[in-house]
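**Student:** Turn these sequences into a full structure, and let the hints guide you.
Per this note's numbering, the very first residue in the sequence shown carries number 209; after that it's consecutive.
A few of these clues could be false.
Capping the alpha-carbon separation at 30 Å, the derived lysine-lysine pairs in BS3-like fashion look like this [what the hints assert, rightly or not]:
id	residue 1	residue 2
1	Lys259	Lys238
2	Lys211	Lys267
3	Lys211	Lys286
4	Lys217	Lys238
5	Lys275	Lys238
6	Lys259	Lys275
7	Lys267	Lys238
8	Lys215	Lys267
9	Lys286	Lys275
10	Lys286	Lys215
Using C-beta positions, here's what the derived DEER-type ranges look like [claimed, not checked]:
id	residue 1	residue 2	range
11	Val293	Ser247	30 to 36 Å
12	Gly266	Asn231	28 to 34 Å
13	Asn231	Gln291	27 to 33 Å
14	Val293	Leu248	31 to 37 Å
No lab work stands behind these hints: they were computed from the structure. Virtual Cβ for every residue (Gly too), placed ideally from N, Cα, C.
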Amino acid sequence: MDKNALKEKVNQVLAGEFELEQNDLLPEAKLYEDLGLDSLDAVDMVVAFEKAFAIHLGKNTELVSIKTLGELQEFIIKTTIAQAVR
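**Tutor:** Now the structure itself:
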């Protein structure tokens, strides 16, 4: 799966899990302010991404610093590629 397909899958997971509109899922969208997610949603988001991408995120401290959808997409891509190599 290429990077664009992975980004699209991130968007699909978010749209499905949190009933978000695809046209709101812009790279610069802030997860909490623009998309309306909260700290409880963050836990659900981790679980959804672990299932959708067959990855383990666990207690990754990098997750805490992610503010925008674009940052989240890049993090999921990096993690998916890194764990696929193992």
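**Student:** It remains to establish, for every hint, whether it holds in the given structure.
**Tutor:** Right, here's what the structure says about each hint:
no. : hint                        : result
1   : Lys259 x Lys238             : holds, 23 Å
2   : Lys211 x Lys267             : holds, 24 Å
3   : Lys211 x Lys286             : holds, 9 Å
4   : Lys217 x Lys238             : holds, 18 Å
5   : Lys275 x Lys238             : holds, 6 Å
6   : Lys259 x Lys275             : holds, 22 Å
7   : Lys267 x Lys238             : holds, 21 Å
8   : Lys215 x Lys267             : holds, 22 Å
9   : Lys286 x Lys275             : holds, 16 Å
10  : Lys286 x Lys215             : holds, 11 Å
11  : Val293 x Ser247: 30 to 36 Å : holds, 31 Å
12  : Gly266 x Asn231: 28 to 34 Å : holds, 32 Å
13  : Asn231 x Gln291: 27 to 33 Å : holds, 30 Å
14  : Val293 x Leu248: 31 to 37 Å : holds, 32 Å
When held up to the earlier numbered hints, the structure conflicts with none and fits them all.
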